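Asker: What follows is the residue order along each chain.
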Amino acid sequence: MLILTCPCCGVTGEETEFHGGGEAHLKRFGPGSSEGEFHDYLFSKVNPKGVHLERWRHNNGCGKWFHAARDTVTMEIYGTYPAQTTEPPQDIRDAITAKRPGWSWREFA
Amino acid sequence: MSNMVSALNGASAKGFVEVRDMGLQGMITLRGDLNAAKLKKAARAVGGADMPEQGHISLGDTGGAAWMSPDELLVLVPYTEVDARLSEIAKAMGDDHHLAVNVSDARCMFGVSGDDALVREALAKLMPVDLSARAFQPGQFRRSRMAQVPAALWMQAEGEARIVCFRSVAQYVFDLLKGATSPGSEVRYLAR
Ligand SMILES: [Zn+2]
Numbered sequence: 000m001l002i003l004t005c006p007c008c009g010v011t012g013e014e015t016e017f018h019g020g021g022e023a024h025l026k027r028f029g030p031g032s033s034e035g036e037f038h039d040y041l042f043s044k045v046n047p048k049g050v051h052l053e054r055w056r057h058n059n060g061c062g063k064w065f066h067a068a069r070d071t072v073t074m075e076i077y078g079t080y081p082a083q084t085t086e087p088p089q090d091i092r093d094a095i096t097a098k099r100p101g102w103s104w105r106e107f108a
Numbered sequence: 000m001s002n003m004v005s006a007l008n009g010a011s012a013k014g015f016v017e018v019r020d021m022g023l024q025g026m027i028t029l030r031g032d033l034n035a036a037k038l039k040k041a042a043r044a045v046g047g048a049d050m051p052e053q054g055h056i057s058l059g060d061t062g063g064a065a066w067m068s069p070d071e072l073l074v075l076v077p078y079t080e081v082d083a084r085l086s087e088i089a090k091a092m093g094d095d096h097h098l099a100v101n102v103s104d105a106r107c108m109f110g111v112s113g114d115d116a117l118v119r120e121a122l123a124k125l126m127p128v129d130l131s132a133r134a135f136q137p138g139q140f141r142r143s144r145m146a147q148v149p150a151a152l153w154m155q156a157e158g159e160a161r162i163v164c165f166r167s168v169a170q171y172v173f174d175l176l177k178g179a180t181s182p183g184s185e186v187r188y189l190a191r
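Chains A and B are the protein sequences, given in the same order.
Residue 80 in numbering that gives the first Met the number 0 sits at position 81 of the first sequence, and the numbers go up by one each step.
Residue 22 in numbering that gives the first Met the number 0 sits at position 23 of the second sequence, and the numbers go up by one each step.
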């Protein structure tokens, strides 16, 4: 059971109040991109053991999208942060580093 | 003129606490910049209550306003006054970006009343929310789910809860509440 805090409305709820929205910080490759880039954008998602950055939606609540950094092994939530960003903020990175020194996820560390 | 009735037309059930359809309730969804002075003023005038804080509801004599999300309020007004209140909002907001819609007939309101702790226990069976008197106090407003459907909840007073859900699931929610309050099913966790 994951306990998430929505950064939009401040509610702390358990995961059935939310809905997972897949991998975070995707960069869109649309018209003009190569077939390989478009394929990877659609299908090549990471499924790490450990630190993972995801999008979530507070669907049984305020209805807003946000980001969450969590651990797929320990199920702990390192933190949640607004959807309006293309990378995890420093305080989230610090929270992850405190538990998992040397972590990396895609291009972030 | 057709005879307007709420989803369950005032149905009620008496278990260890009482569940009832609250009848026709005027509800207006008001979306926009909740920090804008104009919107605050319109919400106060129409709902007849202060602007609610995040996660709260403020109630006046005939209505109120609930904080739904960072850009949405649910304004409660008497059912027969909705159209007049919508005109007031339109006039007050002018060309400023906003959305105000009559959702009265798209929603349903229930009341659960009785011993405060037993009311909380009944609702806690259905919602993943800490409903202890310490954690959830009158004035707080919580959107969550009730079993499989979205629902919003507040305590109108001690021993008096209000639930708003979609009209399309009114019977489902009523049946849930009826089951959760059936005599003999008290959990006695919050109630001693
Ligand atoms: Zn939220």
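Hints should not be assumed to be uniformly reliable.
[Stated by the list, open to error] Keeping only pairs whose Cα atoms sit at most 20 Å apart, straight-line, the calculated SDA-like set for lysine to any residue is: (1) K124(B) - I2(A); (2) K63(A) - K124(B); (3) K63(A) - H97(B); (4) K63(A) - R144(B); (5) K63(A) - Y80(A); (6) K63(A) - P149(B); (7) K40(B) - T61(B); (8) K124(B) - Y80(A).
[Said to hold, decoys possible] Over 12 Å on every C-beta distance to chain A, these chain B residues come out as not near it, computed from the model: (9) R43; (10) T61; (11) S68; (12) P77.
Hint data in this document are derived by calculation from the structure and do not stem from the laboratory.
Please read all numbers here as calculations on a predicted model, not as lab measurements.
We put the beta carbon where it would ideally sit given N, CA and C, even for glycine.
Asker: All hints are to be evaluated individually against the structure, with a verdict given for each.
Answerer: Each hint, compared with the structure:
Between K124(B) and I2(A) the CA atoms are separated by roughly 18 Å; this keeps the pair inside 20 Å, and the hint holds. Straight-line distance between C-alpha atoms of K63(A) and K124(B) comes to about 26 Å, which puts the hinted pair past the 20 Å bound. With a CA separation close to 18 Å, the supplied pair K63(A) and H97(B) stays within the 20 Å bound. Taken as a hint, the K63(A) and R144(B) pair is honoured in the structure, with Cα atoms around 15 Å apart against an allowance of 20 Å.
Proposed proximity of K63(A) and Y80(A) is supported: the alpha carbons are some 12 Å apart, at most 20 Å. Distance hint between K63(A) and P149(B) is fulfilled; the C-alpha atoms sit about 14 Å from each other, no more than 20 Å. Note on K40(B) and T61(B): the hinted pairing holds, with a Cα-Cα distance of about 17 Å set against a maximum of 20 Å. This hinted pair does not check out: K124(B) and Y80(A) have alpha carbons roughly 30 Å apart, beyond 20 Å.
Against the 12 Å criterion, R43(B) stays outside the reach of chain A, whose nearest CB is about 21 Å from its own CB. The claim that T61(B) is not at the interface with chain A holds, since no C-beta of that chain comes within 12 Å of its own (minimum 26 Å). Under the 12 Å C-beta cut-off, the non-interface status given to S68(B) relative to chain A is violated; the minimum distance is some 4 Å. Once the 12 Å rule is applied to beta carbons, P77(B) is consistent with being away from chain A; the minimum gap is 27 Å.
Hint check: violations occur at hints 2, 8, 11; the rest are consistent with the structure.
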